[in-house]
Each structure stands twice: as structure tokens, then as C-alpha cells.
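*Asks:* Just so you know, numbering that gives the first Met the number 0 puts 481 at position 482 of the sequence shown, and the rest follows in order with no gaps.
Hint data in this document are derived by calculation from the structure and do not stem from the laboratory.
Note that the Cβ used here is the ideal one computed from N, Cα and C, for glycine as well.
It is possible that some hints are incorrect.
[What the hints assert, rightly or not] Okay, the calculated beta carbon distance ranges per label pair:
1) Asp552 - Leu488: 21 to 27 Å
2) Arg982 - Glu16: 15 to 21 Å
3) Arg556 - Leu481: 18 to 24 Å
4) Arg588 - Thr568: 25 to 31 Å
5) Arg296 - Arg275: 29 to 35 Å
6) Arg990 - Val883: 37 to 43 Å
7) Pro755 - Ala304: 32 to 38 Å
8) Glu16 - Lys126: 22 to 28 Å
9) Arg990 - Leu101: 39 to 45 Å
10) Ala288 - Ala731: 18 to 24 Å
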Amino acid sequence: MRLHRLAITAFGPFGGEQSVDFDALSAAGLFLLHGPTGAGKTSVLDAVCYALYGSVPGARQGMTLRSDHADPRTRTQVTLDLTVAGRRLEITRQPPWERPKLRGKGTTVDKAQTSLREYDPVAATWKDRSRSHQEIGEEVTQLLGMSREQFCQVVLLPQGDFARFLRADAEARGRLLGRLFDTQRFADVEKRLAERRRTTEARVREGDAALLADAHRMQQAAGDAMELPELTPGEPGLADAVLSAAAVARSTAREQLAVARCRLAAAESAQAAADRALADTRELARLQARFTQARERARLLEERAEAYHAAQARMERSRKAEAVAPALHLRADAEAEHDRAARQETRTLALLPETYADAGAAGLAAAARRAAEELGGLESARRAEQRLATLLAERAGLDRQERADDDVLADAEQWLAGWEETRAGLQGRIDAAQEAATRAEQLAERREPAQRRLRAARERDRLAEETEAAAGRIREAEQAVLAAKARWLDVKERRLDGIAAELAARLTDGEPCAVCGATEHPAPARKDAGHVDREAEEAALAAYQQAQQAQGDAERRLAAVREALAAATAEAGDEPADRLAREADEVERLFATARRDASALHAAQEELRRAEQERERRSADRQEAAVRAAARVGHRERLEGERALLEEELAQARGSADSVAARAAQLERRAALLTDAAEAVRAAEDAAQRLKDADARLADAAFRAGFDTPQAAAEALLTDAEHREVQRRLDAWQAEEAAVRAVLAETDTAAADRQPPADLATAERAAAAAAERLRAAASACDAAARRCTELDRLSARAAQGVRRLAPLREEYDRVARLAALAAGTSADNERRMRLESYVLAARLEQVAAAATARLQRMSSGRYTLVHSDDRTGRGRSGLGLHVVDAWTGRERDTATLSGGETFFASLALALGLADVVTDEAGGVRLDTLFIDEGFGSLDDQTLDEVLDVLDSLRERDRSVGIVSHVPDLRRRIHAQLEVVKDRSGSVLRRRGH
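With these hints in hand, go ahead and build the complete structure from the sequences.
*Replies:* Set out below in C-alpha cells:
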């Protein structure tokens with residue numbers, strides 16, 4: 000990298016535009032940048048750093064870049080012309096600028112601007128390459144191969160930092176070297192190993208916790224037969240201890256199961272013996288109770304023997320009385336029949352006059368015959384009476400017909416009198432309905448056009464509103480298109496700003512870069528928090544295209560609405576919709592009225608037709624009624640003559656009765672009563688004779704059966720229910736007697752009675768105790784079996800868990816060893832050197848070797864820088880730095896150097912570090928270096944030696960700028976850039992050549 004020209008405007012202490020021609024200054028190889036304190040020497044270097052990286056060195060990042068001396072209308076700008084990696088570039092950067100508003104009062108802020116141009120030697124012109132902050136920054140970083148921190152340490156050599164580096168401890172050196180050589184990836188490896196160790200340790204602890212949980216379950220299942228070791232999850236030997244304890248518990252459980260089974264067998268034998276003894280005792284108690292009950296039953300039979308013999312005697316008398324039972328039944332039937340006949344005789348005689356009380360059966364029969372003969376003589380009179388009733392009915396019918404015909408004639412005459420008026424009214428309704436139908440047809444022709452015009456007017460008004468809404472949507476769509484386009488362009492610019500990070504994400508070690516072709520990628524650009532990728536840009540573009548599509552749709556919709564509006568206006572005209580609505584409503588009202596009136600036409604015609612039919616019917620009814628009236632006159636005269644003859648005949652036949660029928664009914668009733676009384680008297684006489692005969696036969700039967708009187712035989716006779724009850728008692732007594740004799744005759748029952756009483760309670764208690772012991776033994780055996788089963792299951796699961804944890808535990812041991820080794824805490828890491836420290840130690844060793852080559856020249860061969868791995872106190876080793884004094888042959892710490900020695904040692908260290916970092920960056924050539932301060936601590940001889948070393952850098956065609964205010968350097972270095980300060984700001988002046 001070689002600097003050609005630097006232009007500064009309103010930057011730092013420089014209020015105006017200043018420029019530096021590095022080509023002219025670098026011609027001598029060594030140039031001096033000097034000026035009073037605070038003039039702005041370091042600001043020149045800050046401008047170089049800002050032009051390349053967009054920020055100043057870390058110690059001054061919080062400071063404002065704009066000069067307080069600048070005119071408010073002058074914008075801060077830094078332009079750097081340089082050659083890097085064979086390309087001539089010009090970088091221009093403008094930080095954010097708060098400027099006065101062009102219109103009105105106040106200020107506004109302009110965004111930061113960055114541009115990159117490249118010189119084309121073929122066309123001899125500058126070409127724009129990019130205006131993206133991020134893209135330009137990534138391009139510069141990729142070309143230089145260094146980050147801003149590395150550039151500030153390698154190109155802008157800050158002597159104070161390296162003096163502190165010489166005196167710093169290992170941790171401080173590690174932080175500085177880590178920033179320069181980007182060893183974060185090794186620190187990430189340490190963190191990754193630590194994370195993997197913690198992860199695998201957690202998984203191992205989790206597995207051990209599950210194993211311990213199973214062990215506690217086994218301990219709970221085994222009771223006191225298992226003791227767990229005092230171990231926690233993650234401790235070595237936990238698995239073996241748990242498996243050993245589980246094996247002991249299983250063995251103990253099996254022994255307990257065998258003992259429980261033996262106890263169960265003994266309890267089963269004892270329980271069987273107790274059950275047999277209880278069964279024998281229960282049988283003895285049953286037999287003894289049976290014998291006792293039999294003796295009690297025999298005593299009760301003796302007490303009931305008298306009742307048994309009485310029942311036998313009664314049963315014997317009942318059997319004798321059964322021979323008299325038919326005569327008893329016959330006499331009872333005869334008596335019942337005699338009672339019924341007597342009662343019937345009394346009832347029938349009570350219905351007759353008292354004159355017939357002693358007439359007897361023959362007298363009553365003769366009187367009945369006389370009444371029947373008289374009834375036969377009234378038959379012709381009864382027929383005449385029925386004919387008279389018929390004649391009277393016919394006459395009443397003629398009267399009803401006459402009244403009905405009179406009503407018909409009056410109704411017909413009244414209705415026919417108003418016929419003409421009715422017909423005229425109906426005909427008027429028909430004519431009105433026909434006129435309304437004609438009017439409805441005329442209004443129907445006007446109705447549809449009025450409705451069409453009204454619909455068109457409403458559509459016209461709606462489309463007018465929709466046109467305005469569509470126009471508003473177009474305006475919104477245009478705003479949305481503009482916003483989406485601005486969003487897309489902003490996203491695209493942000494993506495271009497971060498394109499280097501996107502390209503860097505595709506880099507692969509060993510594969511050439513698509514931009515520069517390099518196969519090594521030491522510092523690829525990284526995506527920041529606001530990085531925009533291709534998907535985001537495509538999404539913004541799709542949103543912009545969708546907004547354009549929506550705008551096109553809205554414009555097409557507006558055109559269609561306007562076309563429909565023109566058609567609706569042509570149809571409706573300019574009449575307001577409400578006026579057209581009123582006209583259409585009026586037409587509709589008239590049309591509805593006309594239709595309603597016209598709808599009455601058919602009803603009026605039908606009503607006229609029915610009225611004419613009614614006129615014809617009533618005329619016919621009037622004529623028929625007149626004919627019937629003429630016929631009724633002759634019929635009534637014939638009926639009157641026949642009625643007179645019949646009434647004369649009936650007056651003679653009915654006598655004192657109201658009618659012939661009443662007289663006939665009196666005779667019929669008298670004949671029937673006399674007949675019934677004659678039959679009842681004869682039946683009573685016959686029943687009395689039969690009762691007398693039954694009494695004689697009953698007395699004879701009772702005497703032959705051995706009874707003194709028929710009453711005694713009747714009393715001895717039992718009913719069926721009484722017979723069954725007496726027989727049941729006799730049979731029960733006999734069965735009970737036989738059962739008692741059988742029980743008393745049983746040998747075993749009699750033998751049991753001779754033995755002592757059975758102690759059933761004692762036997763039952765013994766059997767219950769044996770059963771309880773059996774249940775306890777069975778429960779203990781089941782518990783032991785379950786314990787064995789549970790221990791076998793848990794042991795198998797624990798063994799499976801141990802096998803499953805074995806690879807994980809091996810992985811944990813391996814990762815833990817690697818993590819401890821990388822972290823410097825392992826016993827195998829004797830120097831307690833972390834992995835990152837180990838890599839930095841290798842880099843520090845390279846830096847010490849490169850610095851020694853110049854330090855020996857600066858110190859006339861006295862001092863040599865060496866790297867040390869020794870530990871300092873309790874700290875970690877690997878980043879020690881010592882100096883070897885050739886005069887004493889001893890190695891000592893760099894902190895023991897004097898001020899001047901510290902300066903040229905730090906200068907040598909800085910130059911050596913620059914060489915190593917340059918090689919680390921891919922061999923990028925650094926043709927321009929700056930050394931900031933420190934020369935005032937050197938004597939003349941040492942200063943000459945240092946300047947000789949710096950002057951030797953020109954052998955590589957390098958130019959070195961020394962930043963110092965030491966007066967002696969102005970005499971020794973002819974090419975100078977002076978920074979002059981005054982009240983209006985600092986200016987740059989080139990001196991010498």
C-alpha cells in the first residue's frame with residue numbers, strides 16, 4: 000500500500016481545505032511530520048484512517064470529526080489517493096453534516112456519503128466503483144487484508160502502545176496480540192470445548208441422576224437389604240457402586256423369598272389340620288343337637304296325642320255321615336225350591352185384586368181365558384185407530400207443505416221484484432272492471448321504461464361516487480408505489496452496502512474468492528445486525544411490483560367505472576333520481592290500482608251469471624208451489640171424510656179408556672197377570688209335596704247310618720276344607736312320629752349324645768388363627784416375590800442405563816480432557832497455557848525474531864528480544880517477553896530497560912510486528928509507514944542508529960513518516976510536513992525536498 004495524496008476539508012483542527020502530496024514527501028524515503036502540541040499532527044493520521052475505514056483510531060472514536068473552525072456552509076470531507084494490491088483508488092468520505100436549511104431558518108442533517116473511484120490506466124480516467132459505505136469498507140479491508148485495529152498498529156505505529164506492550168503482563172499482551180492476529184477462532188474453540196464439556200457433563204449428570212433414582216427405587220423396594228454409596232451424579236464409580244448394591248439386594252431378596260415360601264408351606268399344612276378339626280367338631284355338635292331336638296319332638300308328640308285321637312274320632316263320624324249326605328242335599332234342594340215357589344206365588348197374587356186371593360189355580364186360569372177373548376175382539380178397532388193416526392199425520396204434512404210453499408212464493412216474489420236493479424248494478428261493475436283492465440295495459444307500457452330510467456339514475460349516482468372512490472384509491476396506490484419503490488431502493492442500497500459480508504459468507508478455506516481470487520480469507524467481512532440479504536431485497540422488489548400491479552388494477556377499475564357511468568347517464572339523463580323515483584312510484588300506484596280494479600271483472604261476471612241462474616230457479620220454484628197448492632185442496636177433502644168415519648168407530652171400541660190401544664193394553668196386562676198367578680199357585684203346591692217326600696227319605700237314611708236325628712248326621716258331616724285340615728293334622732302327627740323314631744334309632748347320633756358336648760368356639764378360633772397365619776405367610780411370600788421381580792426389573796433398567804451412558808461418559812471424559820487442556824487447567828498442560836495463548840505465543844515468537852533483527856542494529860548488537868514460556872506468579876505462561884543483554888550475557892525482563900532503550904526496543908518491536916502482520920495479511924506490501932513520537936528520549940548516537948534503521952526501510956522502496964516535535968529531527972530529516980496552528984484553525988505546509 001502506497002499513499003499518493005490526501006485532501007482534508009473542515010476536518011479536525013483544519014477549518015479549510017488542506018492537501019498532502021505523499022509522493023513528493025516520500026521521494027526521500029524518510030519525511031517528518033512536525034508542529035506544536037495540539038496543532039493536528041495526529042489528525043493527519045486520523046484522516047488517513049478515516050478515509051480507509053470510515054472511523055478514526057480507537058482512542059479518539061468518540062471525538063467529533065468536523066472542525067470547529069469551519070464555515071457552516073462548508074462540508075467536512077476527506078479524500079485519499081492510494082495504490083493497493085496494484086490498483087489505484089480514490090476514496091472520498093463525508094461524515095453526517097448538520098447544515099443550515101436552504102429555505103427558512105434552522106438546520107438539517109445530511110447523511111454520510113462515501114464514494115470509491117478507480118483509475119483506469121488504459122483509458123487514463125477515473126471510474127466510479129461504489130457509493131455504499133459497507134461495500135467500500137469491505138473492499139478496502141479485503142484489499143489491505145487488515146482490520147482497522149491492525150492497520151493502526153502496523154501502519155500508524157503508536158510508540159506509547161508498544162512501550163506499554165513491553166512492560167505489560169501476559170494477559171495484557173494477549174489482548175493486544177489477539178486484536179492484531181484475530182485469534183478469536185481459537186478462543187471460540189476453547190469456548191466450544193467448554194460448552195461441549197458442560198453439555199456432556201449435564202447429560203452424564205442427568206443419566207447418573209436417573210441411575211440414582213432407579214437405585215433409590217431399588218432401595219425402597221428392598222427395604223433394609225440395600226445400602227447405597229454416598230455418591231452424587233457425575234462422580235466416577237457411581238455406576239459400578241449402584242450395580243454392585245443392586246446385585247447384593249437381588250441376592251438378599253431371593254433368600255427372603257425362599258424363607259417365605261417355606262413358611263407358607265408350613266402355614267398351609269397347619270391350616271388344613273385346623274380345618275379338619277373344625278369340621279369334626281361341627282359334625283359332633285350337629286349330631287348332638289339333632290339327638291336333643293329328636294327327644295324334644297317326642298315329648299311334644301306325647302303332649303298332642305289326645306288331640307290326635309279326637310281328630311281320628313271326628314274323621315270316623317264324618318265317614319258315616321257321608322252316607323246321609325245325598326238325602327241331606329236332596330232335602331235342602333226341595334226346601335229351597337219350596338221357598339222360591341212360595342215367594343213367587345205371593346208376588347203374583349199381590350198384583351191382582353183381592354177378589355182373586357182364594358180363586359185357586361183353576362179359577363185364575365178361567366179368568367185369564369176370559370180376558371184373552373175380550374182382547375181378540377179389539378183387533379179391528381186397533382187397526383182403525385192406527386189408520387186415523389196416519390190420516391192426521393198426512394193432514395199435518397199438507398199443512399207444513401202449504402206453509403213452506405207460502406214462504407217460497409213470498410221469497411220468490413220479493414227477490415224477483417228487485418231483479419232489474421240487481422242486474423243493472425252487476426253490469427255496471429263489469430263495465431268498470433273492463434275499463435280498469437284497459438287502463439292497466441296502458442300503464443304497464445309506461446311502467447318498465449320508468450323503472451329502467453330510475454335504475455339507470457341510481458346506477459349513475461352510485462358510479463359517480465365509485466368514480467371518486469376509485470380516483471382516491473389510485474392516489475393511494477400511487478403513494479404506495481412511491482413508498483414501495485423508495486423502500487426497495489433503500490433495501491437495495493443497504494444490501495449493496497453489505498454485499499461484502501454476503502460474499503464473505505460463501506467463502507471456503509482453500510477455495511478462491513470470487514472477487515479477488517485469493518485462496519486465503521484471514522478477515523472475511525461479517526454481517527452486522529441490520530444486514531439485508533437477497534431474500535429481503537427480492538421481497539421489497541416483489542412488494543414494489545405488487546404495488547405497481549395494484550395501481551394498474553385501480554386505473555383499469557376507474558376506466559371501467561367511468562365507461563359504466565357514461566352509459567348510465569345516457570340512459571337516465573340529468574333528472575335527479577328522487578324525482579324519477581317519485582314518477583315511477585306514481586306509475587306503480589296507478590298501475591296497482593288499475594290492476595286491482597281490473598281483477599274484479601271475473602268476479603262481477605261470475606256474480607251476474609249466478610244471479611241469472613238464481614232468477615230462473617226462483618221463477619221455477621214459484622210455478623211449482625202454485626201447482627202443489629191446487630193439488631192439496633182435493634187431498635184435504637178426502638182425508639176429512641175418512642177421519643169422521645174412523646172417529647165414530649173408535650168411540651164405541653175404547654169405552655172408558657183414552658184409546659183402543661190403552662184398552663187393549665189393560666186387557667193384555669190382566670191376562671198376563673192371571674196366567675202368571677195360576678202357574679205360581681200350581682208350582683207352590685208341587686214344591687210343598689216334594690219337600691214332604693224329601694223329609695221322609697232323610698229320616699230313613701239317618702236312622703240306617705246310626706244317627707238319632709237327621710240334625711246329628713248333618714252336624715257330623717265335614718266340609719271339604721274341614722276334611723282336608725283334619726286329615727293334614729293326622730298326617731303331620733304320624734310323619735313327625737316316624738321321623739322322631741328314625742332319629743332316635745340312628746347309631747352315630749346316639750353315640751354322639753353319649754360323648755361330652757362339642758366345643759365349637761374353641762375349634763373355630765383355632766381355625767381362624769391358622770387361616771390368619773396362612774394369609775400372613777402368603778402375603779409375605781407375595782411381597783417377597785414382588786420385591787424380587789421389582790429388583791430384577793430395576794436392576795435390568797439400571798444396567799441398560801449404564802450401558803447407554805457408557806459412550807456418553809467416554810465422550811465426556813474425552814471432551815473434558817480436551818477442554819481442560821485447551822483452557823490450561825489440565826495436569827497434562829504443565830505451563831497452564833491456553834490454546835489461544837499458545838497460538839499467540841507462536842506469533843509473539845515470530846514478532847520477537849523480526850524485531851531482534853532491527854533491535855540489534857539500533858543497540859549496536861547489545862540487545863536481543865526473546866520469547867519466554869515461563870509462568871509469572873500464579874498466572875499462565877506463554878506470552879513472556881525478555882531481552883538478552885550481550886554485554887552481561889544475562890536475560891532480563893523488558894521492564895528493566897531505560898527510557899531510550901525502551902523507545903528503540905518498542906520501535907523494533909513495532910516494525911517487527913508490522914512485518915509479521917503484513918505476512919499474516921497475505922503479503923500485502925506496506926510502502927508507507929508512520930511512527931508517532933518517542934524520539935525525544937534518545938541520545939545523539941542512538942538517534943543516529945535508529946534513523947539508520949528507519950532509513951534502511953527504503954531498501955524495500957518504503958517511505959516512513961516520523962511524527963515528532965523534536966527539533967533535532969528537523970535538521971536531520973529534510974522532507975518535512977509542518978502543521979501550523981492559529982486562531983482560525985491549522986494549516987499544512989511542506990518544507991524541504
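*Asks:* Determine for every hint whether it applies to the structure shown.
*Replies:* Status of the hints after comparison with the structure:
Distance hint for Asp552 and Leu488: a CB-CB separation of about 23 Å, consistent with the stated range 21 to 27 Å. For Arg982 paired with Glu16, a C-beta distance near 18 Å keeps the hint of 15 to 21 Å intact. Evaluation of the 18 to 24 Å hint for Arg556 and Leu481 yields a pass: the beta carbon distance comes to about 20 Å. A C-beta distance of roughly 28 Å is found between Arg588 and Thr568, which places it inside the suggested range of 25 to 31 Å.
For the pair Arg296 and Arg275, the beta carbons lie near 32 Å from each other, so the given range of 29 to 35 Å is met. The supplied range of 37 to 43 Å is met by Arg990 and Val883, whose beta-carbon atoms lie about 41 Å from each other. Checked against the given bound of 32 to 38 Å, the beta carbons of Pro755 and Ala304, roughly 34 Å apart, stay inside it. Taking the beta carbon of each, Glu16 and Lys126 are about 24 Å apart, inside 22 to 28 Å as hinted.
The hint said 39 to 45 Å for the Cβ distance between Arg990 and Leu101, and at roughly 41 Å that hint holds. Range check, Ala288 to Ala731: about 22 Å between beta-carbon atoms, so the 18 to 24 Å window is met.
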